[in-house]
Every structure is written in C-alpha cells, then in structure tokens.
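If you want the building blocks of each chain, they are given just below.
There are 2 protein chains.
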Amino acid sequence: MVRGRISRLSVRDVRFPTSLGGHGSDAMHTDPDYSAAYVVLETDAEDGLKGYGITFTLGKGTEVVVCAVNALAPHLLNKDLGDIVGDFRGFYRQLTSDGQLRWIGPEKGVVHLATAAVLNAVWDLWAKQEGKPLWKLLVDMDPRKLVSCLDFRYITDVLTEEEAYEILQKGQVGKKEREEQMLAHGYPAYTTSCAWLGYSDATLKQLCSKALEDGWTRFKVKVGADLQDDIRRCRLIRNMIGPEKTLMMDANQRWDVPEAVEWMAKLAEFKPLWIEEPTSPDDILGHATISKALVPLGIGVATGEQCHNRVIFKQLLQAKALQFLQIDSCRLGSVNENLSVLLMAKKFDIPVCPHAGGVGLCELVQHLIIFDFVSVSASLKDRIWLHLLVPSYISTCARMCEYVDHLHEHFKYPVIIKKASYMPPKDAGYSTEMKEESVKKHQYPDGEVWEKLLAAQVN
Amino acid sequence: MVRGRISRLSVRDVRFPTSLGGHGSDAMHTDPDYSAAYVVLETDAEDGLKGYGITFTLGKGTEVVVCAVNALAPHLLNKDLGDIVGDFRGFYRQLTSDGQLRWIGPEKGVVHLATAAVLNAVWDLWAKQEGKPLWKLLVDMDPRKLVSCLDFRYITDVLTEEEAYEILQKGQVGKKEREEQMLAHGYPAYTTSCAWLGYSDATLKQLCSKALEDGWTRFKVKVGADLQDDIRRCRLIRNMIGPEKTLMMDANQRWDVPEAVEWMAKLAEFKPLWIEEPTSPDDILGHATISKALVPLGIGVATGEQCHNRVIFKQLLQAKALQFLQIDSCRLGSVNENLSVLLMAKKFDIPVCPHAGGVGLCELVQHLIIFDFVSVSASLKDRIWLHLLVPSYISTCARMCEYVDHLHEHFKYPVIIKKASYMPPKDAGYSTEMKEESVKKHQYPDGEVWEKLLAAQVN
Numbered sequence: 001m002v003r004g005r006i007s008r009l010s011v012r013d014v015r016f017p018t019s020l021g022g023h024g025s026d027a028m029h030t031d032p033d034y035s036a037a038y039v040v041l042e043t044d045a046e047d048g049l050k051g052y053g054i055t056f057t058l059g060k061g062t063e064v065v066v067c068a069v070n071a072l073a074p075h076l077l078n079k080d081l082g083d084i085v086g087d088f089r090g091f092y093r094q095l096t097s098d099g100q101l102r103w104i105g106p107e108k109g110v111v112h113l114a115t116a117a118v119l120n121a122v123w124d125l126w127a128k129q130e131g132k133p134l135w136k137l138l139v140d141m142d143p144r145k146l147v148s149c150l151d152f153r154y155i156t157d158v159l160t161e162e163e164a165y166e167i168l169q170k171g172q173v174g175k176k177e178r179e180e181q182m183l184a185h186g187y188p189a190y191t192t193s194c195a196w197l198g199y200s201d202a203t204l205k206q207l208c209s210k211a212l213e214d215g216w217t218r219f220k221v222k223v224g225a226d227l228q229d230d231i232r233r234c235r236l237i238r239n240m241i242g243p244e245k246t247l248m249m250d251a252n253q254r255w256d257v258p259e260a261v262e263w264m265a266k267l268a269e270f271k272p273l274w275i276e277e278p279t280s281p282d283d284i285l286g287h288a289t290i291s292k293a294l295v296p297l298g299i300g301v302a303t304g305e306q307c308h309n310r311v312i313f314k315q316l317l318q319a320k321a322l323q324f325l326q327i328d329s330c331r332l333g334s335v336n337e338n339l340s341v342l343l344m345a346k347k348f349d350i351p352v353c354p355h356a357g358g359v360g361l362c363e364l365v366q367h368l369i370i371f372d373f374v375s376v377s378a379s380l381k382d383r384i385w386l387h388l389l390v391p392s393y394i395s396t397c398a399r400m401c402e403y404v405d406h407l408h409e410h411f412k413y414p415v416i417i418k419k420a421s422y423m424p425p426k427d428a429g430y431s432t433e434m435k436e437e438s439v440k441k442h443q444y445p446d447g448e449v450w451e452k453l454l455a456a457q458v459n
Numbered sequence: 001m002v003r004g005r006i007s008r009l010s011v012r013d014v015r016f017p018t019s020l021g022g023h024g025s026d027a028m029h030t031d032p033d034y035s036a037a038y039v040v041l042e043t044d045a046e047d048g049l050k051g052y053g054i055t056f057t058l059g060k061g062t063e064v065v066v067c068a069v070n071a072l073a074p075h076l077l078n079k080d081l082g083d084i085v086g087d088f089r090g091f092y093r094q095l096t097s098d099g100q101l102r103w104i105g106p107e108k109g110v111v112h113l114a115t116a117a118v119l120n121a122v123w124d125l126w127a128k129q130e131g132k133p134l135w136k137l138l139v140d141m142d143p144r145k146l147v148s149c150l151d152f153r154y155i156t157d158v159l160t161e162e163e164a165y166e167i168l169q170k171g172q173v174g175k176k177e178r179e180e181q182m183l184a185h186g187y188p189a190y191t192t193s194c195a196w197l198g199y200s201d202a203t204l205k206q207l208c209s210k211a212l213e214d215g216w217t218r219f220k221v222k223v224g225a226d227l228q229d230d231i232r233r234c235r236l237i238r239n240m241i242g243p244e245k246t247l248m249m250d251a252n253q254r255w256d257v258p259e260a261v262e263w264m265a266k267l268a269e270f271k272p273l274w275i276e277e278p279t280s281p282d283d284i285l286g287h288a289t290i291s292k293a294l295v296p297l298g299i300g301v302a303t304g305e306q307c308h309n310r311v312i313f314k315q316l317l318q319a320k321a322l323q324f325l326q327i328d329s330c331r332l333g334s335v336n337e338n339l340s341v342l343l344m345a346k347k348f349d350i351p352v353c354p355h356a357g358g359v360g361l362c363e364l365v366q367h368l369i370i371f372d373f374v375s376v377s378a379s380l381k382d383r384i385w386l387h388l389l390v391p392s393y394i395s396t397c398a399r400m401c402e403y404v405d406h407l408h409e410h411f412k413y414p415v416i417i418k419k420a421s422y423m424p425p426k427d428a429g430y431s432t433e434m435k436e437e438s439v440k441k442h443q444y445p446d447g448e449v450w451e452k453l454l455a456a457q458v459n
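Line by line, the protein sequences give chains A and B. When the letters of the first sequence are read in order and numbered with the numbering used here, they come out as residues 1 to 459. When the letters of the second sequence are read in order and numbered with the numbering used here, they come out as residues 1 to 459.
Calculated directly from the structure, the hints in this document are not laboratory data. Some hints here could point you the wrong way.
As the list claims (entries may be wrong) - Pairwise CB distance ranges, derived in the manner of DEER restraints:
hint : chain 1 : residue 1 : chain 2 : residue 2 : range
1    : A       : Pro445    : B       : Val449    : 31 to 41 Å
2    : B       : Asp214    : A       : Asp349    : 38 to 48 Å
3    : B       : Glu451    : A       : Leu20     : 42 to 52 Å
4    : A       : Glu42     : B       : Lys245    : 27 to 37 Å
5    : B       : Arg3      : A       : Lys210    : 36 to 46 Å
6    : B       : Gln228    : A       : Lys320    : 36 to 46 Å
7    : A       : Leu77     : B       : Val449    : 48 to 58 Å
8    : A       : Asn70     : B       : Asp44     : 50 to 60 Å
9    : A       : Gly86     : B       : Pro258    : 49 to 59 Å
10   : B       : Asp229    : A       : Lys320    : 50 to 60 Å
11   : A       : Glu42     : B       : Glu161    : 15 to 25 Å
12   : A       : Asn78     : B       : Ser379    : 38 to 48 Å
For every residue, glycine included, the Cβ atom is placed at its ideal position computed from N, Cα and C.
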C-alpha cells in the first residue's frame, strides 16, 4: 500500500502576529506570535500525494527549528516511505540518536521539535496513502504493527513492548462501539479562548458569555502573574459559569514549588479542577510535592505541554506527580512517542487531557485523543481520585481535550467542533496541511503580512 | 571597572574532524567531530578587549546552535557591559525567559547551549577587564555580589539566596591557604584519553602505558556497546594500572534502567569507582534506582554532562540519584548556572567531578572547579559513602576533574597539566579564546581543512 521514495523535503517559517491582540498571552509568554515550522514531503510516487508536518513555535526561534529540520533532512531524502514506516522504530531511533546531532538534544528542545515536524509529515503522508484520517489509521492498525512503531528505549522499567501489546489487545474489545460513539458525539473539549492573561475583564466577560451560549461547560483561566488579579478574574469567571461547570487554572510555569502551593491555597475557593504547569516542566519531584499538597484542597496537578520526552512523562507517572497528563502533538517525537505516553498513562490509570491551541495543535491532537479513547483508555470518565474527596465533581469531571478558537481558517482541513466536542476528522491524513495562500502571506520575514508589519516598525 | 557597550556579536561554526581517528567515540556518539559555536563580543571601549565564548558540539548541528546564538544577539547588542554584570541575575533571566524563544527550550537543548556560548563570552570579557583569570575573579568577588549573579528560580525549595550566601561566607575561612595550595599543586585530574570506544586494544595499551609513565593514577574507560568487549577492555586496563589506581566507567546513556544494573554487576569485578551516564540524562528516578542497586557493589553513579539545567541537578540531588556530580561548562547556562549547581552540591555534600574534553571544555571548567575548591567545597576528599562500604577506597578516592588530551593546541591559553593536575590559569579571562588561524582553518564548511575533506568526499 505504501509507496514512493522521498524526493524532496522543504521547510518554511510561518508566523501569525497574534501578539498584536494579546491572544495566547500567559504569565510566561506575554507576547506570542503563534508560528510553525512547516514541513512538506514529496515523493516520486505517481499519486502526487504530499506529507505535511508542523511543529508549533511562538515567533522568534522558528528559524532555529527550521535550521534543525534541514539538519535532519538527509535522514529522509531518497528513503523509501515503505522502508521508513516498515521499521518505524528503527527510523525513529535513527532520527533521535544521530551520533552528532543528539549532543544538541538529545530528544529535547529544538531538535526534538524538528523531529516532531518531520515525523508529523511522515504520518500525514502515510495516512493519506492509506486513504484514512490518522486516528482511523491507528485504530485499524494491528496492535503488533502499532507497537513496532514505538521506541521503548528508557521506558522499559515501566512499560515493555509486551505490556504495550497487551494494553492494545484489550483495547480491541468494544472498539467498534466506541468508534461509533465518537462519530456520533465527538470527543469532549474545554475552552481556553476566554481568559488569556492579556485580555481585559470586559473582553473576558464578553467571550465567556459567548462561550456559555455556544454550550461550553469547561473553562480554563490563565493565572500566576499577580495574585490580586487572579482572584478578581477567577471570581468573575466562576460567577459567570456558576458552581457546577468546570474551571481549570494554568500558571504556565510561573512559580517555584513553595510559591505554587501557597498561591493555589488562595485560589482554592474558586474550585479549580486542576492547576496546570505550576512550576518548571522539568521538575518532576516539584510537581509531586505540589500534587501531594493540593490533593486535600481537591485540586489536581496537570502538566505536559512542555514535557520534552517520554522519559519525563514516565517519571511524572512514577512519582505520582500529576493527576491529568497533557500530551502535545508537536513537542514529543510525533505520533510514535505520543503513543508510548498514552500507553504509560493507561498503565498508571491517569487520564490524558491533551494540550492544544497554537497553530494546528487542535487539528493534530484530536487524532491522538480519539485514538486513545477508541483503542487505549476506552473511557471518557476520569479516575476516581477526586471523586473520593469532592463528591460534587462526579458529574462534571471527565476526560477532555483543550480547544482554542484561533487560526483554524488557515488549515485545509480545520477542526469541527459541535456541542463543545471535537468531531472526528473524515479527510485522509493528519489534518496538518495549511492553505498555500495563508502560508505565502505569513511566511517570515518575506510574506505580505510581515513585510507590512516590519516596514511599519522601521517607520 | 567594567566598561563599554557591546557593539558587535559574531559567531562562527568551527569543527575539527576528530571522527577520522575515532577520538571521542563512545557507545552513543560513534563518530564525533569535536566542534564549537564560537562567539566573539566586541565593545566600544578603548581597551580593545574582546570576550570569547564557546559551546561544545559534535559536528552536525553546530549550525543550529549558531542560528540560536544569532536569535539571542538582540538581547546583548548595544547593552552596557556594566548594566549586564551589574544585574547579572536579571540579564540571565532575560536571556533564558524571552517570551517567544523560551518555547523552543526552555533552558534546554540548542537555546541553552547558545546561552552558554554567549554568557561564557560575557564572563571572559568581564574577567579580562578586571585583569584576572575567571577563577580568581570569582574567588575575590564579594559573596553578596556573587549570589546576585545567580537565578534561583525553580531551586528555592532546596537552596535559597540566603543559604547560598551563607555557604559562600563559610567558604571565606581558609580561602587564602587553599588558593596557595592550588597555585602550588593544582587540581587533581583523571584521564579519558586512553580508552575511547573506537580505539583498538593495541592503541589502548599504548596510551595507557604512556599515561602511567606521565604519572596518571585515575583512568576512565568507555563501555556499553558490547558486554564481552567491555569485559576484555576493562580487564586489560585494570591489569595494566593495578588494583590501587582508580578506574571509572562511562556508558554514555546506552542502557535502560534494569539493563544498567545487570551490565554493571558483570563489570563489578574490575572495581570501578563509578559508572557514568548509565541511562538517559533525563531519568532522575532511573539514576536513583541504579544508584541504590549498585551501592552494595561499591560502585557509585556519576552523571551531568548532558543534564540540561539546574532543575535536573536539583532533583538528582534530592533523589540521591548520584554519588558524583559532573558539571559541564557549556551545557548549563554558563558560570551563572554552574555556580548554583556547585552550591547545591555543597549543601547535599556530593563531590563535583566536572566533565571535560571536547573542544575547550578543559580550558573552561578548570576555572569552575578551582573556584569550587577555594570558595565552596574546601575539600579534595570525597564524602564518606563509599569508604564505609569499601575501606580500600579511602586512599584513592578523591575529588577530581576530567582531562582529555585533545585540541588544546588551538587555544591561545591552553590548560597546563603538571603531575596529573590542572595548574590554575594565570592569564586574564576564561581561557576561551582560540587561535585565529585555527578558527579560520576549521571553519565549516569553508575553512581549508573542510574544503579539502568535503572535496575528497565528492570525488
């Protein structure tokens, strides 16, 4: 089925000037220009299909990731796609363990973001050749084959290949019904669009009203820069959504460990389901300490969007450092590494609530979480840890995927949200392809949009 | 004293074709071309002094780090050096927390290597302006001022600014004597030059004989690719150096956690003092497990050359995951971040045995470890954990710094080794400056050396 030799890899620096409107602003990223390193793979096959891959960035530094993609390119050029996906574990290892390049990682930061962009394109191309949306390619794939795409290096102490296979085998039971459920009702989402840190209270109110009208029941608010501001904003949003709906908070790594515990004690009255990224994404033991301190307050810890690889996720699970695990489709090494994290989360019985937003993160990660539900977790319920403490959470606490209402118009196959749920994509591929016109306009620094903005800066 | 506005930052990609001789080869990096992103800072001051900074790389990917250095450059250009070092904590925070760039780190991988190169240049320039070698600048600096250079974000749960200050205050006692001791006898070193994985047994024997003649008493051997090879090579070297001298082993992250424990049980008969990098540098809990399993065998765990920031070191210490802590002068955020790690190590009473080798790592890190002895650790003895288990180690087990005998000829102020010890540098600066002729020749891809090599590849 898989065909063609990779004949061309191109990569472009695409940036959207979101900082102008305060969209995406938080306690650590005050002026993000949502951007992407955008990879296109071409083959010599007659079908003319191309693979599109992205990794998400915040503006400056996209050129550094582009440079890293070019450094990885020789590993792909002139390779048969069949050989790549036929030994995907080996290919993943080859990319991430290049004897010279691994020094500037390994499996973290710029090179790993570049790996994600490149492999996302490979998965897109593979799914397109199979004529299936990525989630369906994964759902239909033989568990043995699926497991052969994963690199178990450094995680065998918690998950062996055989254990992974057994989890997937068990996931076959009831798969068909769950797939139908997804197609009918979609995967539950929550919204982060209402309460960026840079928004005024008026904007926040207006967006929150609108979201309530649109049927949203789960809301996330950015916190961490100023306690009094946080109290005011959290009160405002809790009052608007009422006591029954779910509120999450996100500090984007702003605090040290003791500070996180103290600050959250002050915000506990607003009944957040979780505090997200309370401290450094590298601080496994710190998250464990915070987690332990907040359980009596009925607040869970969520993290993951900047956890740089499966080894960090492994330890977060081992250390009981989180109650909600947030995968990211562009920071980990593509589908391959994300699958290993989904399987570890299943083993530890921790719900996966993916990070999304940015540019294309919603488009991509919906495939992973729908696969997770159909073939791995088999559940939309949360585990019981919080229910035991706070019975009122039983009704509202469920698995869910982040949603942000930005920049979807630039994608050829944008997400479809119905009744606050992600509806499974039906087009073949990984939903990664952008509209060529958008790419041209937003290319940095020579696209039309940036030429104007940069000229204005000079004047 | 400090003067000038930074008027120019240039960065070059300098590579040495070390892979041709198998130098530097290990179980994960089989063909390194020792390289550097080489930064030069110029100011508008009349003294004409320049600051030189490097970060070490392995060939491919140096261009990615160069790209990241350029992304950081706007933070330095047109700044007064006095403002930078006058609020060095603030400047460090500015570099590492850039609201857009931090997404592609934060404080890890390519951007952090670039941060190291840039800040190493700042420290070199500062020390030159003060007319002192860097170690002496640090030793003479008021503890309050020293502490103001450090960013305590994410480590206050184990080390507060006040605790750091107290450690440095205590270190003032006997400082003068320790400085004299260093000037007279130098800082003890061990050699890694004899036993790279790519060397034949004959080469290994020859280099080992030579090292013994030169007075070396501590030797490191690369292991991890093949158990039978390891046994043969370890037996060979242990037989040559005898039972009293110190042998260390280095697996360069080759193993999973259970594998590390099993493999080392097979190599225990050769009495290694430590196993270095047994598994992923990100696996704090894994190192703790290995450490616990190997203590009964009298083998310590050492790691650090790829630990990407102070948050990882903090946790390695908290988790009792290492017995020897190996700082790296180019992976952490320069002197600033390394000082915070030295202070945490002191608090946990863990000896620091720096990583060196590569290009310039010996030149740089000698300054840090000499400062550590004079002002922080105040000791050349190891802590007692192994002595309790293996009394015979009392005589041989001491603090030491890695040494590799490669590429020093390209530096303007190369290390001086006497009787297997680093003699304190006397020239002003951080010993980071390379000979312009070497840089020109080895610039990639247009230097003379590479033009020839690349032309030969084409033919």
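How the hints compare with the structure:
Evaluation of the 31 to 41 Å hint for proline 445 of chain A and valine 449 of chain B yields a pass: the beta carbon distance comes to about 34 Å. For aspartate 214 of chain B paired with aspartate 349 of chain A, a C-beta distance near 58 Å fails the hint of 38 to 48 Å. The hint said 42 to 52 Å for the Cβ distance between glutamate 451 of chain B and leucine 20 of chain A, and at roughly 46 Å that hint holds. A beta carbon spacing of about 58 Å between glutamate 42 of chain A and lysine 245 of chain B contradicts the range 27 to 37 Å that was offered as a hint.
Separated by about 57 Å at the C-beta atoms, arginine 3 of chain B and lysine 210 of chain A break the suggested range of 36 to 46 Å. Checked against the hint of 36 to 46 Å, the C-beta distance between glutamine 228 of chain B and lysine 320 of chain A comes to roughly 40 Å, which is consistent with it. Roughly 26 Å separates the CB atoms of leucine 77 of chain A and valine 449 of chain B, a value that falls outside the hinted 48 to 58 Å. For asparagine 70 of chain A paired with aspartate 44 of chain B, a C-beta distance near 36 Å fails the hint of 50 to 60 Å.
The given range of 49 to 59 Å is broken by glycine 86 of chain A and proline 258 of chain B, whose C-beta atoms sit roughly 29 Å from each other. Separation of aspartate 229 of chain B from lysine 320 of chain A is about 40 Å and departs from the stated range, judged on CB atoms against 50 to 60 Å. In this structure the hint that glutamate 42 of chain A and glutamate 161 of chain B lie 15 to 25 Å apart at CB is violated, the actual value being about 55 Å. Checked against the hint of 38 to 48 Å, the C-beta distance between asparagine 78 of chain A and serine 379 of chain B comes to roughly 57 Å, which is inconsistent with it.
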